[in-house]
Structures are given as C-alpha cells and as structure tokens.
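Put the complex together from the two separate chains, hints included.
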Amino acid sequence: MNNTSRKTTSMEMERAFVAPPANIRENMDEVIVELEMPGVDRNRLDVSVDGDELIVTGHRLHEKTDSTPVWRETRDEDFRRSFTLGDHVNRAAISASFQDGVLTLRLSKAEDVKPRHVEVQFA
Amino acid sequence: MNLIPYSRVRHPLDLFGGLSQLHRELDRFFDFGPRGFPAASGLELLEGTWSPPVDVFDEKEAVRVKAELPGLKQKEIEVSVQGNTLLIKGERARDFDEKRENYHRVERVYGQFHRAISLPAPVDAEAVKASYKDGLLEVLLPKKPEAKARRIEVNNN
Chain B
1 MNNTSRKTTS
11 MEMERAFVAP
21 PANIRENMDE
31 VIVELEMPGV
41 DRNRLDVSVD
51 GDELIVTGHR
61 LHEKTDSTPV
71 WRETRDEDFR
81 RSFTLGDHVN
91 RAAISASFQD
101 GVLTLRLSKA
111 EDVKPRHVEV
121 QFA
Chain A
1001 MNLIPYSRVR
1011 HPLDLFGGLS
1021 QLHRELDRFF
1031 DFGPRGFPAA
1041 SGLELLEGTW
1051 SPPVDVFDEK
1061 EAVRVKAELP
1071 GLKQKEIEVS
1081 VQGNTLLIKG
1091 ERARDFDEKR
1101 ENYHRVERVY
1111 GQFHRAISLP
1121 APVDAEAVKA
1131 SYKDGLLEVL
1141 LPKKPEAKAR
1151 RIEVNNN
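In order, the protein sequence lines correspond to chains B and A. Counting from 1, one number per residue, gives the positions in the first sequence under my numbering. Counting from 1001, one number per residue, gives the positions in the second sequence under my numbering.
The shape of chain A in the complex, shown without the other chains (with noise of 0.2 Å):
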C-alpha cells in the first residue's frame, strides 16, 4: 500500500494528542509492517492542503474506500481513478461572513483536501460509483474480472 497519510489536525482541548498518535503509528506499524508506512509523509508536497481519514477495504468483487469529509457539498468533492490510483480532493470553503458574525472559535478545517490512495487491485475505472451521507463519502470500485480471486483446481493425474 503506498498512501498519502491522514494528518488529523491536533485539537486545543487534546491534552494527550501526541500520545495518542504514537499510539496510532505504532497500530499502523503492526498493522502493515514497516513496508507499508513511509517514514516522510509526502505531504511536504502539498502546502496548505489537508487530507481527510479513510478506511480501505478488500471486497470479493470491489473495492470500496470510505472516507471523512463532514459538511461538504456533493459538488464539492471530486473522486478520479488514474491508473491504478483513486484521487479524492476538493475544497471545503468558508461558509461564514466575517462582517456580520464574531467569531469566538474555528475548529474547523476550510480549504483544499487531496487524499491518494493506490489501490489493492485492478479497478474497472469506468463501472465507480460515489456517495456521500452524512458527512462520509464511499466509493465503490468493481473490480477487473482478472483481479477477482479464482479457484484453481488440482488435477490428478
């Protein structure tokens, strides 16, 4: 797996933030082996960007990947398949008019987000579907009919 990583902006009333992202990486390196999580993150790459979480999943027939993105519009979030990579981004935009309201917090995250996620699989790019619910987006990515496991027999002979 090669992903970009989630960075989950760290919150003022989080005292024990920092362990519990250690916590995290260290899941992650059980997880996956030190081959799946790159020491730099690449997202020096992408200047004021942020990147939703996401949840992969390995389907008999499809992949499927979920991902945060609370409060957008549909019109908001732009998914492509490129190969054998899945491009989720958009931009989250201000919502509020400083003239008329005080603001007394701003916990929220606004501008662009980009996630690329590679795929464990080869996906037919024109069959994706996307769905976004209550603040999560779910893409679903059908499977090319090689990728699907196939059972082999045995002969003997």
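Extracted from the complex, chain B is given alone in its bound form (with noise of 0.2 Å):
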C-alpha cells in the first residue's frame, strides 16, 4: 500500500521495507508504541491513520561524504510499520514525538474504556 503521493524513484522502489524493533506497552490511560529509527531523516517521518490501520514510514539516507567507508555495517532504510487500531483507542488522540532516533506515538483510550472504580453502596 502507498500511502505517500510522492513519486518514488526507482531506486526506492528496489529497496524492500525495513519494519523497525517496536515497544508496545499499555498503562491505564494509554497505548504507547516506541520504535526504533536512527538517524531517519526528520522531513520524511509520517505517521498516519487510515481506517483501523496506524502506519508510521521513514526514511534514512547515508549522509554525502567524499571518504569512502573501509567498514559499513548500517543501511540506507525505507522504514515501515503498521499497526491494526481496536476499538478502545481514541483516533484523534493520538501524539508522536521523536527523540535520540526513537519514535514514541502515544495512544489515548477512550473514555469508555478506562478502568472505573465502582462504589459500593452501603444501605
């Protein structure tokens, strides 16, 4: 699936996606996804929601430099994950931040779906 409407080269188009190590973890209020993407280049990091599917694409490029590597071990990366969404979690409550190349997306429940404490009443 394209979700971008950029055209891509062909030499993107070669390149097969990367899916990034990813953290989920759930608290009371929140679903909160962290993934792994150094040095991705931050005007190319999207994160988008169609439907019940949550996608997060990046891209990393190798910096132009004159030297030659006598050792590489990294990659140029297209990143790409996707997510199913179930039905508890909030579509329009949901915030990314990206910091020391770890993308954190947090994921607001619905308020229906919150735990709630219910009192007993004593007669």
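What you were told as hints is all true, and nothing was included just to trick you.
No farther apart than 20 Å at their CA atoms in a straight line, the calculated lysine to aspartate or glutamate pairs in the DMTMM-like style are these:
#, chain 1, residue 1, chain 2, residue 2
1, A, Lys1060, A, Glu1126
2, B, Lys64, A, Glu1059
3, B, Lys64, A, Asp1058
4, A, Lys1129, A, Glu1059
5, A, Lys1099, B, Asp29
6, A, Lys1089, A, Glu1076
7, A, Lys1133, B, Asp100
8, A, Lys1129, B, Asp100
9, A, Lys1060, A, Glu1146
10, B, Lys64, B, Asp76
11, A, Lys1133, B, Glu63
12, A, Lys1089, B, Glu73
13, A, Lys1148, B, Asp66
14, A, Lys1089, B, Asp100
15, A, Lys1073, B, Asp100
16, A, Lys1133, B, Asp41
17, A, Lys1075, A, Asp1095
18, B, Lys109, B, Asp29
19, B, Lys64, A, Glu1068
20, A, Lys1133, A, Glu1068
The hints are simulated quantities; they were obtained by calculation from the structure and are not laboratory data.
Quick look at the structure:
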C-alpha cells in the first residue's frame, strides 16, 4: 500500500521496507508504542491513521561524504510498520514525538473503556 | 581490520532474516576479503551483551566512526581509545515499570553493549571528539601527523 503521494524513484522501489523494532506497552490511560529509527530524515518521517490502520514510514539515507567507508554496517533504510488499532483507541488523540532516534506514539484510550471504580452503596 | 562483528537481533517479522544475513556475509566477504572477517566472531566471549552496527571512514585528516545507538542518554555511552583500538560501550537501561504497565511486545534490546574497533591509522587520543544526535553516535579521531598521507617528490638526477 502506498500512502504517500510523493513520486518514488526507481531506486527506492527496489529497496524493501524494513520494520523498525518496536515496544508496545499499555497503562490505564494510554497505549505507548516506541519505534527505533536512528538517523531517520526528520522531514520524511510520517505517521498516519487510515481507518483501523496506524502506519509509520521513515527514510534514512547515508549522508554524502567524499570519504569512502572502510567498514560499513548501516544501510540506507526505508522504514515502514503498521499496527491495527482496536476500538478502544481514540483516533483523534494520537501524539507522536521523536527523540534520540526513537519515535514514541501515545494513543489515548477512549473514555468508555478506561477502568472505572464503582462505589458500593451500603444500605 | 579486526572488528567484533555486529550481531543483529533477528526481528520476529523478518521472514527472510536468514537470507539477508547470508547476503550481508557475502557482501562483507567481497568487500574485505577473507582476511577481514574472521570466522569466529569473538562474541562468545561477551555473553549477554549486544553490539551496535558501525561505519568506519578513513578520511584525510581523521578517522570517523558512526554507531547506531537509539534511545540512549549521553552519560550512558562510554567512548575510549586504547592504542589502536576504539572502544564504545555502555548500557541501555530498561526504562519501564512492569508493575504499572502491561507489555504487549518488547523488541528493543536492553542491557550492556560493547564494540571494539581497530583503527586504520594512528590517532591522537587527546583530540578525540564524540557527539550524539538522533540516535547516532559520531566519533571523530584526528590522525597523528605521521599518519597523514604525504606526497613524496621523485627527484630526477
């Protein structure tokens, strides 16, 4: 699925997407997703919601240098990962922040699914 | 070159992990020749640690090393030079509270990391600079004057 209108070059078409490692955790109020995308181009980091699908894409290109590497283990990477959202996630309240190469998504839970304490009435 | 190779933790969704690893190994073989990549990884000696991927550039004035270390704080990364070897080590601490939060998935790697890199030229250990941005560590190691390439005139007698 292509969710960008940007024209992809033939070079990019040949490269396969890489799914960045993710942690998913949940507390009373929200679901938190962390994705490792070190060195990703900030201008080409995209988070979008399409129906029940939350899609994260990002690109990393090696910086242009005159010097040739004597050893290279990192790669140009096209990151993509999608998650299916449950009914309990409030689509309108998803926030994303990027720090130290980690993208953190915070997905608020809908009010009606948050745990509620019920007071017992003693007659 | 004499490096402790990077061990990529296989991703659960990476169905072709084995294949791409073979691809990498082949790439390395052809890039560096059989001498450059010892069959025994040396990682057996470092049980419980992980190694970040690194790039090494041999530039005119300096050796530049980049390492992928997402989600760390500056004080968690230790960079040192011992003779001809650059050492990058540290620890990524688990920053979550299992009592208050439910974990559905943990794919990020935690714990100690360690990487030793043989430098392609003698460097001035006093002048080494390291910076960290967007999860990438960059170490700039200025070469010693005698290590810089010099042009030698051929005399015509």
